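Visitor: These are the residues of each chain, in order.
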Amino acid sequence: MEAGALTPRRALTPVERLREAANRRPAAAAAVILGVIVVVLVASQGLHDVAQTGLTGLSLGAVYALGAVGLTLVYAILRLVNFAHGDFLTFGAYMAYLVNVTWGMPLILGIFFAMATTALLGIFLERVMWGPMRARGAGVLQLILMSLGLALVIRYVIQYIWSTEIRFLDVDVTSTVNILGLQIGQTKLIVIGVGVVVLMATGLMLRYALLGKRMRALADNLELAETAGIDTSRVILWTWIFAGGLAGLAGVMAAEVTDIRPELGFTLLLPIFAAVLLGGIGDAFGALAGGLVLGVVIEWSTLLIDARWKTFIGFVILILVLLIRPQGIFGRARSI
Amino acid sequence: MTGALPFDPVFAVTFESFTDPEFWTSVGILAGTYVILTLGLQMNVGYTGIINFGQAGFMAIGAYSMAVLTTGGPEGDGLINFWLSLPLSVLITVAFGLLVGLPSLRLRADYFAIATIAFAEAVRLFALNARSLTGGNQGLFGFATDWDSVSSTIEGWINSIGWSDPPTLFPLLLVVWIVAVILTVVLRLLQNTPWGRVLRAVREDEDAARALGKNAFAYKLQSLAIAATLGAIAGWFLAINLNFVNPTEFEPIVTFVGFGILILGGLASYWGVTFGAIVFWFLFEGLRFIDLPLEEVQIASLRYVIVGLVLILLMAFRPQGLFGKREEMVLGD
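Heads up: the sequence lines are chains A and B, in that order.
Throughout, this note's numbering is defined as the position within the first sequence, counted from one, plus 1.
Throughout, this note's numbering is defined as the position within the second sequence, counted from one, plus 56.
Hints were generated in silico from the structure; no laboratory data involved.
On a predicted model such as this, the values are computed, not experimentally measured, just so you know.
C-beta atoms are modelled at their ideal positions from N, C-alpha and C, and glycine is treated no differently.
Each hint should be verified, as a subset may be incorrect.
As the list claims (entries may be wrong) - Away from chain A, derived, C-beta distances all over 10 Å, residues of chain B:
1) Val101
2) Trp139
3) Leu147
4) Phe175
5) Phe182
6) Asp204
7) Arg244
8) Leu277
9) Phe312
10) Leu343
11) Tyr360
12) Val361
13) Val363
14) Leu365
Said to hold, decoys possible - Between beta-carbon pairs, the in silico distance windows are:
15) B/Leu369 to A/Val43: 34 to 42 Å
16) B/Asn299 to A/Ile34: 32 to 40 Å
17) A/Val102 to B/Glu351: 18 to 26 Å
18) A/Glu166 to B/Arg187: 47 to 55 Å
19) A/Leu13 to B/Leu365: 56 to 64 Å
20) B/Gly128 to A/Ala52: 39 to 47 Å
21) A/Thr175 to B/Phe74: 48 to 56 Å
22) A/Val174 to B/Phe74: 44 to 52 Å
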């Protein structure tokens, strides 16, 4: 009976066949699950509500995705789980506040300023902290706890300067736009638009530009990339510029749709981690998709249960991903 | 709510408090509570090599299950006896620890860190939102009346040996520290058993331990269950000390401060935890009395900036902590 390999392979039950197919094409399986959720929601809640919350969810998802791409790039190339990444977002938000409100200049200048300064912060930290620590061969625990200390320093320096007062950017939050019968705040629409454009540009850069190819080479094998003649320290610097710039932008966009407070980034950090893991840690395209999906699904949950559970739902999704598919939907755990 | 001091139970301190025994008693209780929760981190990080970022979640489950079982929820009128709720709350916490550990301990160290912090935040957000069970952000009160009678008994003993007016919370201080010391001794003894040696083998080289026929996963799970137990006990004391449970007491910063204490005292050293907790809390609270021309929120922020800087500098220059053994520094690549 127990002849193992010798017995002819028995026919698979439909459930097993389904599971096998899902493991072969996880992205397709995820799309199917998402599709089923959409159909069920539309059938029970009506098309309008689903589309409306989905659109709102996209603005949140764009923030997650922008944050997640930077976090996952840093992980892929430097093997650093950066718990201070959320506070990069906070930093960006306050930099935009400085330009937009304190100095009274247009928001667009604030956005550029936030991206530039957060990128500079990334470079600065690479020079004084991460670079030297890598050279010394620091372990996982050392780097994680350093990033944790850094998170506290950034957050509380910001709180020292700007106190715990809740602040707002000088943006128009009242006027709304009508698209196909759906209402969305002008600001949120801009957030979605900017997010999608920047994310697509980043995606194209990673895929086709020389820098993107070099980044992927580093992510595959840093030593090998160095042997192949790639100037790794330059690529690492650019990685921080991208991670910082995108985080700064994400922070400003989070500030546009909600408000600014010192814990802004830290509360976004775990949803961003969820987006990263959903897409497969180290996978930039995955992080992008993961962020958008997460934002939309969280918003859809408000159709079924009270909106105060929103953040909790985000964590439940994160935990479920870790339980069911820790390598993420796309399952290429070690590539960018 | 300033939002600056989510877990700081020592409110409204004036400069006169510097000589106030009541104030330092509170600090001492806090230090003792942190010894207990950090012992769990020491077991996980220092002796097993797993990064548990969810200790605040275990504390929350311990404290809330004690409070809910005793009061029966915000509208309830008592469910079970306070003393019975203590072991039950530990059992509940351990059950959650196993639930978290079973799937996530198979993952890499960095995934496990993310999984545990997500778990802890999920617990806190549940406590914040499940209002009919936990009272939401109002919290729960009135679960520790049985403790109060014990406290006055202990106060009677203290009076009888000739100290007429000890600080109000002095009995709690005594009990917290007795428990902390007993737990430290027990853990040290445990570490010297064959079980403890296998645990360290798992930390050093999981594959080698497995090759010797040891079930590394089971050992890690047991280590997490012990940390959950210690978290639950620390949760009781936090709740009894404040006389209420509230979600803000269990923010991730609690775990992070625990890690600060752990590193300060040194990895792979149980007595180091005691040292770390005392030094941390007396410095942290003592910093209030440096007369700076700053606003309250600025001083509060500054204290956390210092915590962060100390964490960064220790990790950079002395990763084994002040009293840790260099050869036991764990989780290198």
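Visitor: Next step is simple, just say for each hint if it's right about the structure.
Guide: Evaluated hints:
1. Not every beta carbon of chain A lies more than 10 Å from that of B/Val101, the smallest distance being close to 7 Å; the non-interface claim is violated.
2. At roughly 32 Å from the closest C-beta of chain A, the C-beta of B/Trp139 stays outside 10 Å, upholding its exclusion from the interface.
3. With a least beta-carbon separation of about 22 Å from chain A, B/Leu147 lies farther than 10 Å from that chain, consistent with its non-interface assignment.
4. For B/Phe175, the non-interface assignment is contradicted: its Cβ lies about 6 Å from the closest Cβ of chain A, within the 10 Å cut-off.
5. Not every beta carbon of chain A lies more than 10 Å from that of B/Phe182, the smallest distance being close to 6 Å; the non-interface claim is violated.
6. Against the 10 Å criterion, B/Asp204 stays outside the reach of chain A, whose nearest CB is about 34 Å from its own CB.
7. Interface exclusion of B/Arg244 from chain A stands, the closest Cβ pair being 22 Å apart, more than 10 Å.
8. At the 10 Å boundary, the C-beta of B/Leu277 stays outside the reach of chain A, the nearest C-beta of that chain being 15 Å off.
9. The Cβ of B/Phe312 does not lie farther than 10 Å from every Cβ of chain A; its closest approach is about 6 Å, which violates its non-interface assignment.
10. The Cβ of B/Leu343 lies farther than 10 Å from every Cβ of chain A, with a closest approach of about 13 Å, so its non-interface assignment holds.
11. Annotated as non-interface, B/Tyr360 brings its C-beta within 10 Å of a C-beta of chain A; the closest such distance is 4 Å.
12. The Cβ of B/Val361 sits about 5 Å from the closest Cβ of chain A, inside the 10 Å cut-off, so the non-interface label is violated.
13. The Cβ of B/Val363 does not lie farther than 10 Å from every Cβ of chain A; its closest approach is about 6 Å, which violates its non-interface assignment.
14. Distance check for B/Leu365 against chain A: the nearest CB is about 6 Å away, which does not clear 10 Å, and the non-interface claim fails.
15. Checked against the hint of 34 to 42 Å, the C-beta distance between B/Leu369 and A/Val43 comes to roughly 55 Å, which is inconsistent with it.
16. For the pair B/Asn299 and A/Ile34, the supplied restraint of 32 to 40 Å is violated, since their beta-carbon distance comes to about 46 Å.
17. Taking the beta carbon of each, A/Val102 and B/Glu351 are about 21 Å apart, inside 18 to 26 Å as hinted.
18. For the pair A/Glu166 and B/Arg187, the beta carbons lie near 28 Å from each other, so the given range of 47 to 55 Å is not met.
19. Restraint check, A/Leu13 to B/Leu365: a C-beta distance of roughly 58 Å satisfies the suggested window 56 to 64 Å.
20. Between B/Gly128 and A/Ala52 the beta carbons are some 44 Å apart, a value that agrees with the proposed interval 39 to 47 Å.
21. With their beta carbons about 51 Å apart, A/Thr175 and B/Phe74 fall inside the hinted range of 48 to 56 Å.
22. Between A/Val174 and B/Phe74 the beta carbon distance is about 47 Å. The supplied range of 44 to 52 Å therefore holds.
Consistency note: the structure conflicts with the earlier hints numbered 1, 4, 5, 9, 11, 12, 13, 14, 15, 16 and 18.
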